[in-house]
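Given the coordinates of chain D, assemble chains H, W and A onto it according to the supplied hints.
4 protein chains.
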Amino acid sequence: MQSHGHGTGGRTLPDTARQDVSHTLASEYWRIRRFSEQLCEPLCPEEMGLQACPDVSPPRWHLAHTTWFFETFLLKPELPGYRVRHPRYEYLFNSYYNGIGEQFPRPQRHLLSRPDGEEVQQWRQQVDTAMVQLIEQRPDLTALVTLGLNHEQQHQELLLTDIKYSLSFNPLAPSLGQPLPPGRPVGNLTFQPLSGGLVDIGNPEGSHFAFDNEGPRHPVWLAPFALANRPVTQGEYRAFVDDGGYQRAELWLSDGWAWIQQQGIKGPLYWHSGHRDHFTLAGLQPLHDSQIMAHVNYYEADAYARWAGKRLPTEQEWELAASQTQPARGFVDNGLYQPGRALDTPLAHLFGDVWEWTASAYLPYPGFRPASGAVGEYNGKFMCNQMVLRGGSCATSRDHIRASYRNFFYPHHRWQFSGIRLAETL
Amino acid sequence: MQSHGHGTGGRTLPDTARQDVSHTLASEYWRIRRFSEQLCEPLCPEEMGLQACPDVSPPRWHLAHTTWFFETFLLKPELPGYRVRHPRYEYLFNSYYNGIGEQFPRPQRHLLSRPDGEEVQQWRQQVDTAMVQLIEQRPDLTALVTLGLNHEQQHQELLLTDIKYSLSFNPLAPSLGQPLPPGRPVGNLTFQPLSGGLVDIGNPEGSHFAFDNEGPRHPVWLAPFALANRPVTQGEYRAFVDDGGYQRAELWLSDGWAWIQQQGIKGPLYWHSGHRDHFTLAGLQPLHDSQIMAHVNYYEADAYARWAGKRLPTEQEWELAASQTQPARGFVDNGLYQPGRALDTPLAHLFGDVWEWTASAYLPYPGFRPASGAVGEYNGKFMCNQMVLRGGSCATSRDHIRASYRNFFYPHHRWQFSGIRLAETL
Amino acid sequence: MQSHGHGTGGRTLPDTARQDVSHTLASEYWRIRRFSEQLCEPLCPEEMGLQACPDVSPPRWHLAHTTWFFETFLLKPELPGYRVRHPRYEYLFNSYYNGIGEQFPRPQRHLLSRPDGEEVQQWRQQVDTAMVQLIEQRPDLTALVTLGLNHEQQHQELLLTDIKYSLSFNPLAPSLGQPLPPGRPVGNLTFQPLSGGLVDIGNPEGSHFAFDNEGPRHPVWLAPFALANRPVTQGEYRAFVDDGGYQRAELWLSDGWAWIQQQGIKGPLYWHSGHRDHFTLAGLQPLHDSQIMAHVNYYEADAYARWAGKRLPTEQEWELAASQTQPARGFVDNGLYQPGRALDTPLAHLFGDVWEWTASAYLPYPGFRPASGAVGEYNGKFMCNQMVLRGGSCATSRDHIRASYRNFFYPHHRWQFSGIRLAETL
Amino acid sequence: MQSHGHGTGGRTLPDTARQDVSHTLASEYWRIRRFSEQLCEPLCPEEMGLQACPDVSPPRWHLAHTTWFFETFLLKPELPGYRVRHPRYEYLFNSYYNGIGEQFPRPQRHLLSRPDGEEVQQWRQQVDTAMVQLIEQRPDLTALVTLGLNHEQQHQELLLTDIKYSLSFNPLAPSLGQPLPPGRPVGNLTFQPLSGGLVDIGNPEGSHFAFDNEGPRHPVWLAPFALANRPVTQGEYRAFVDDGGYQRAELWLSDGWAWIQQQGIKGPLYWHSGHRDHFTLAGLQPLHDSQIMAHVNYYEADAYARWAGKRLPTEQEWELAASQTQPARGFVDNGLYQPGRALDTPLAHLFGDVWEWTASAYLPYPGFRPASGAVGEYNGKFMCNQMVLRGGSCATSRDHIRASYRNFFYPHHRWQFSGIRLAETL
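Here the protein sequences line up with chains D, H, W and A, keeping their order.
Heads up: the first sequence is residues 1 to 426, going by our numbering.
Heads up: the second sequence is residues 1 to 426, going by our numbering.
Heads up: the third sequence is residues 1 to 426, going by our numbering.
Heads up: the fourth sequence is residues 1 to 426, going by our numbering.
So that you can see chain D by itself, here it is in the shape it has in the complex (with noise of 0.2 Å):
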C-alpha cells in the first residue's frame, strides 16, 4: 500500500499539553528520521540506486522523498523564510501527488543519479533543522507532522521490500543480514471460533493517530466464523507446491490462473530450483518448515486456501479477531528482516511477520472522506482494485501497526512480506 497512498490523520490536540507533546513528537521525529538512515547503513552507494521494476523504487529515492513529504507539506506553506532546497526537487521526488503538481516518470527514478547520495543527507540535514524547529514553535500542526512520520515508518517497509527485489536479480545474491536463528518445530494448525454478530469495525476517532481510510467507525454484521491460529508456513506451502499447486487450473481465480500462464510461474517468489533456498536480505538461506510463508500474492493465497479446502478471511473478521490483541513481536525492531518462526499460541502473529491478505476488496468505510488538499490523495483514490491486507510485518515498525490498520496492493503484488491466514465458516 505504501507505495501508493496512505491516509492524513485528523486529530486535533488540547491546548494544555502543547509543550510537552512538541518536545515528545520532536524527539520521535529525530528517532524515525534516524532510523531510515540506518536501514541504508549497510548498502554501498551503487545499490542505493536500484530499481528492478516500476512498482519499487531506489532506497535513496525513498530517502529523498520523505524529506520531500516534509518540506513540502509543512516547511514551504508553513515556515516562514524557509528556502526549498532545490526547485527541481518538488518535482523529482513527487510520488503521486497531482495537486502538487507533475511527477517524474516512476519508471526511470533509477535513472536520477544525481542529487547523489551526499546531497540527499544534506538535504534530509536542512529539513530535519527546519522541522524541529517548526514542531517546537507550531503544535497546531502535529496532525500533520506525525501523518509524514508515519509516511516516513511505510517507507522504511517499503525500502527493504524493495531493496530485497532489486537485489534478488543479481546471481551473486548479497546479503545485508543475518540468517535465521535456530528453532523448534511448529504443529497443526488449529482453528479458533468467534461468534460475530453486530460488531464495530473501524478506528474510534479522537483516540490516536489512524490513518483516513480507517474510519469512521461502523456496524458490521458477521456470521460465526474460525480463524487459524497462526500463518501458514514455509513447509505448508511446499505441500501445496509439491502436490501441483501451480498447475491445476481449478484451483485458482480466473485472473490468477491468467497470471501464471502469462507469466509463466512456477512457484513462489524467491524460491530457488528444487525448492530448497530462497533469496532473503541475508542472501540466499535454506527453506525451514516452521518458517511463516511470505511473499505470496492474493492469488496465491487465494489458491492455497481453496487447496486447504478453507478460505480467506475478510478483513472485519480479522479486525475483530485482531481487537482482543496486541502487538508483540515480529516486528522490524528485532532487526531479522524476514518472518520468524510460527508458535502454536493461540491467534499467534496476528501482528508482525507477514501482513495477512485478507478477502476484502479495498473500498471506502460507509461515511468515509478523504482529507483536503493535496494530502488528501493519501488513501482515498487508491480504492479499487486492490487487496486488503492487516496486520504488519517484519518490516513494519511496532509502534505503527494497529487493529484497524488497512494496508492494501494489487492482487498480482507479491513482493511485500505478505503471507496466509486461513478461516473457515460454521
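The set of hints was computed from the structure by calculation and includes no laboratory data.
Incorrect hints may have been included.
Copies of the same chain are indistinguishable here, so a pair counts whether it falls within one copy or spans any two.
With a cut-off of at most 20 Å between alpha-carbon atoms, the simulated SDA-like pairs for lysine to any residue come out as follows [unchecked claim]:
(1) Lys266 with Pro179
(2) Lys266 with Thr24
(3) Lys266 with Cys44
(4) Lys76 with Ala130
(5) Lys310 with Arg369
(6) Lys310 with Tyr365
(7) Lys310 with Pro364
(8) Lys310 with Pro185
(9) Lys310 with Pro216
(10) Lys310 with Ala249
(11) Lys310 with Ala223
(12) Lys266 with Ser175
(13) Lys266 with Val199
(14) Lys76 with Gly101
(15) Lys310 with Gly376
Coordinates of chains H, W and A only, in the frame set by chain D:
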C-alpha cells in the same frame, strides 16, 4: 459479466409437475434459441465474424458457443447415442471451462471462418432437435437446461454489445436498427431516502431460478441512505465533460486517471468529436439530453459521482431499493437496442435501459459455494478485480432479470450498456 | 513486397501504335481484373474478411484496394464526369500513399464488413466499365494503366499468401485446392560456375514495362561464383531441422537468433509437429522430399546456407544467371498454388515456384529516381531494412515476371512463397 | 556498432621483432586500459551504474566487460595457473558470445550493483598484471591482444555515448565536461567531384590491424560522384526542422515515418524545446550554427538529404575519398566530448567529430570469412538490418580509426555521435 462467468442455479423440482414443466421448458427452449437467431437477422455474413478486440466475440461464435453449451453439458453426457457434430468444436467453442479442456485462443475467434454460417445453423438445429427430446425424457435436468437458457440470454446481450463495438470501427457507421423515438424533457434528479438497518440480501433459496452467485441470502447492516430517482442522462453527463471532467485528476481514482493518460481518453466511448453525435446500432445519431447515459466504465461512473458531490450505491443498497419494484420496461424485448429517455417517476429505471455500476467489488457472499464440476467455473472464479452492476439493460431480456441478479465487469470496461445511478449517505 | 511498395514504370509509347495498343490493353485489363475475382471463387463470404495479422489483408480488401488504385490514380483525375463510388473509400482502401491522404489503420482491415462483398463487386464493375472507356480515349495513359495492372497482379499473389496465412490459424485446416500430383525423386544439388566480371545489371530502359526500382541499368563488378542448379527441397531442409538447426546459435545471424528466442520458433512455418505434414491451400498435406521448400524467411535461408557450407547469391549474381533463361513453369497460371517438385536440369526454377532470397539489401540502384506524385511512393520509400528476392513464385503470374524484377520483404517475413537458392564463391 | 559486434584482426607477426613488439604492446596495453578509467573519473559511484535503455550499458559494466574479454579469451585459455576472479563473472559480463555460454539479460545490467566499483577496479588490476605477463611470454598472441585493445577502445566510445544518454533523462542536466570553445562561422557547403571507376575497397591484408569485416579487399565499380566538403552543421539541420522536416511524410523512408509516428518524434535527440539548447556532456548548452550536427539516425540523415536534394554516399564512395586523407582532429583525445565547429577546407572532417551515415547496408564483402571460435561472433553475425557508418567521432581514439573502418548501427539508433555527409551523382 457474461463474457466471463455466470452461475449455476440449484433448484430441484417436485415430481408431480414434471409433464407440464417439460412442455413449458421445451417451448421456452425453443423461444429463447430462436431469439438468438432473430437478433442476427439484420447482419450480413461479413458481419457475423467481426471481433474488434479480445473482449468481444463474433456473432457467429456466440451462436456456436451457446450451442456448444447444450451439447457439452447436456447432450454428450446425458442423451444416449448422441453424436457430437464435430470432434474439434469442443475445443473451438469452449469459452473458459478448464474443466472441459483447452480453449481456442480468444483473440483469434474472428479467424474461425469455418464452420461457416450455414454449418453453425445446421449444428443449432441438430442440437435443438436433440435437446427437445432430452427435455421430455429427463425432467431432472431442468435446472441445468434452465441454466443453459439463461446462459444463452446472457450471450444474446453480449452479441448486441459486441457487434455494436465491432461496427463502431467502421467509418461508414453501419446501421442495423431504428433511431430513438421523440420524447419529453426530463426534470432534475431527486433523491429518495431509505432507512437501512439489518436487511436480508441475496436470492431466497428455492423460489425460482437464480445463479449461484446470488446466494446464500444473508443479513447485512445498512446505514440510512438515499438513491437518485433515475440514472444520469446524456445531458447531465455532457455537463461533466464540458466542465473539464476528463482533464481534472482530482475527480478520478488513481487507476482511472492512469487509464485516461495511458489510453489518451478524451470523452465517452461512441461520442463523436464535438459531442453532438454518438454511434448506436442505428448508426450515428444525435445525443439527446434526456436519453439515459450508457457505455461509461466504473472509473467514469465514479468520477461523475465525485464531480456531482455524490457517490455510487453499494450493491446491497441497490438491492434493497430494487426489491420494492418490478422489472417493467427498457429491455431488449422492445427492439430499440439503446437506452430510452429518462422518466421522472420515483425509483424509475432500476431495471432495464442500463446496468448500474455499484460501489461493490464482485466477491462471494458469506457461505458461497460454487456448483461442482466444470459448470462450477461459471461464476465463482471471476470473483476478483471486477465490480458489480445491477438491473439489466436495453439488451437484457425482461424475463432474465431480478433484484438479486449480480452482473460484473472490470472497472475499465465500457462497451456494455452500463450507466450511473447516484446515491448519498444520510 | 507488394504489401509495401512497387514501382512506377516510365515507358512512353510511339504514336503510330495507339489504336492497337488500346485494344490490347483493354483486353489485358479485362483479363487481369477477372483473374482477381477467379482467385476468390473458392472462398465463402466468411473467408473474404479474414486477416490473421497486420501484415496480411482480407481478400475483399485486396479486391477493393486494387479498384481504388484505378479510381484514384486514373478515373478521378483523368476521366471527365467520373463520380467516385463513395467519398470514404479513398480513406478506407488507401494502403500507404501519404500523398493521397490518411489511411484506415492497417491492423483493422478485417473490421471493414462494409462495403460487403456485393458492393465491392459492383464497385469493381463500375470502375472496369469506366476504365475501358478511359483506355480507349487516352492511349497516353498506357504506362499508368499498365502499372495498375501490374499492381493488381502483385495483389493477386498477396491474396493467395494472405488467405493461406489466415486460414492456417483454423484447426479445421480448410482446403481450397488440389494436392501436389505425384512426381519423381530429385538428385543431389550441383553448382554451375559463372565467370562474373564487369556486367550490366537492371532493366534496359524503353524495352518493356518494368518498375522504377529495376533501373537504371548500370555496370557492376562481379567475382567468379557458382549457383546451385535448383532451389533447396523440403527433404534437404528437413535434414537441417533434424540436425538441430533451430537450436544452434552459431548458425544464425544475431537478429535471427533473437527472432527464434523471442518468438519461441521451433521449425518452419506451416510444418506440423512431427514434421510429416504441412499446411497448404489444399489443407494439411504430407511433406515431399522433392518438393521445393517455401515459407522460409531470410534468417532461415541464411542459416540453412551457413549450415550447408554455402551462401546466398547477391541479387546481381542471380540476375546475371537469370538473364540467360526464360520464365517457363511453376506460376499461378498452373492452378496448383504451391511450389512443384524440383527438377534436375541446369539452373532450373530460377523463375516460378519460390521467390529466392538474395544476400542483397533492398537499396536504390545508382542514379535511381522515383516517379513524381503520390505514385512515386510505390517503391522508393521502402528501400531500407528489407532484402531482395528474385524470380517469382507459384503465386506469380507468368507474364508478370522478368530477370530484373526486384521483390523485397523484411528478413523476418515468411508467409510468402520464399525459398533458398545456394551459391558459392569460386 | 560496438554495442553489437566488431571484428577479429588476422595479422601475424614476423619473428624477429618479438621483443620490441611485446614491450610496445605492453605499454600500449597499459595506456589504453588506463584511459578507460580516466574517462570514468568525473563520474560518481551513483552514475557508474546508470542504464537508461537496453541499448546502453552502465559505465561500470563497460569496465568489467572489457576486462572479461581479456580474462575469457586470453588469460583463461593461455596463461597457465591463472585463476578467474569469480566463477559467475563469465556469465555476468558476457555481452553476446553464445560460443562462451549464456548471458546475463542485457536490460538488467543496471541491477548489477555487485561487483561494486572497488571490486571491478581490483579485477582490472588482477587482469592487467596477468596480461602484461602473458604479453611478454607469448608474442604469438599479439593479434588477439590487439583485438582486445581495439575492443576496449570501442567500449570507451560507447561508455561516453551511453552515459550521455543515461544522464539526459535527469532534469538536472548533469555536466561532466567543458562547453564548446568559441569559433568562426562556416561558409556554404561545396561539393568535390570524384571520378570513380573500378576501385579497390577494403583493408589491404597484412598491412596493420583491421577488423575482419574490413576485408577482403576487392574491386568495385563506381560511377562519378561528388562529396560535400564537410558534414552538415546544427544551423543547417535547424533549417530542415524549421521547414517542417519532421511533419512531411514525403521526405521520409516508410520505416522512418513509422518511427516518427509511433514514437511521437518532434525533433532531434537532445534538442530542447524551442531548439535553442541541446544536452551535452557539459550539460545544457546553446546550439551553435557552425557546430557539426550529431545524434541523427539513418532515417533523419536520409530525410535531410532528400530535403536538401542530395543523397548519402555509399560506403565505397566514402572510402575512396577518405583513402586520400589522414585522421587529424576531432577525436576523443582532445577531451571535448562533442563535435567541433565545421571547417571550410576541402573534404574536412572525414575522420573525427561524427560518424557519417552511408547509404550502404552492413553486409559481408565478397569472400568474407569470420574468425573461428567464439571470437568469430565479433562482427559477422551482425550483418543484417544495420547500416554502415564511417570515419569515427569525437568519442573515438585517433589511433583507432582508418579509411577502411566499418562501423554499423540500426537505422533507428541515434545515441551515437552520428552525422550527415551529403553526396550527389554526377
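Structure-based check of each hint:
{"no.": "1", "hint": "Lys266 with Pro179", "in the structure": "neither (25 Å within a copy, 44 Å between copies)"}
{"no.": "2", "hint": "Lys266 with Thr24", "in the structure": "neither (50 Å within a copy, 50 Å between copies)"}
{"no.": "3", "hint": "Lys266 with Cys44", "in the structure": "neither (32 Å within a copy, 40 Å between copies)"}
{"no.": "4", "hint": "Lys76 with Ala130", "in the structure": "within (10 Å within a copy, 58 Å between copies)"}
{"no.": "5", "hint": "Lys310 with Arg369", "in the structure": "between (35 Å within a copy, 12 Å between copies)"}
{"no.": "6", "hint": "Lys310 with Tyr365", "in the structure": "between (26 Å within a copy, 15 Å between copies)"}
{"no.": "7", "hint": "Lys310 with Pro364", "in the structure": "between (27 Å within a copy, 14 Å between copies)"}
{"no.": "8", "hint": "Lys310 with Pro185", "in the structure": "neither (23 Å within a copy, 54 Å between copies)"}
{"no.": "9", "hint": "Lys310 with Pro216", "in the structure": "between (30 Å within a copy, 18 Å between copies)"}
{"no.": "10", "hint": "Lys310 with Ala249", "in the structure": "within (17 Å within a copy, 41 Å between copies)"}
{"no.": "11", "hint": "Lys310 with Ala223", "in the structure": "within (16 Å within a copy, 31 Å between copies)"}
{"no.": "12", "hint": "Lys266 with Ser175", "in the structure": "neither (25 Å within a copy, 40 Å between copies)"}
{"no.": "13", "hint": "Lys266 with Val199", "in the structure": "neither (41 Å within a copy, 45 Å between copies)"}
{"no.": "14", "hint": "Lys76 with Gly101", "in the structure": "within (15 Å within a copy, 53 Å between copies)"}
{"no.": "15", "hint": "Lys310 with Gly376", "in the structure": "between (37 Å within a copy, 17 Å between copies)"}
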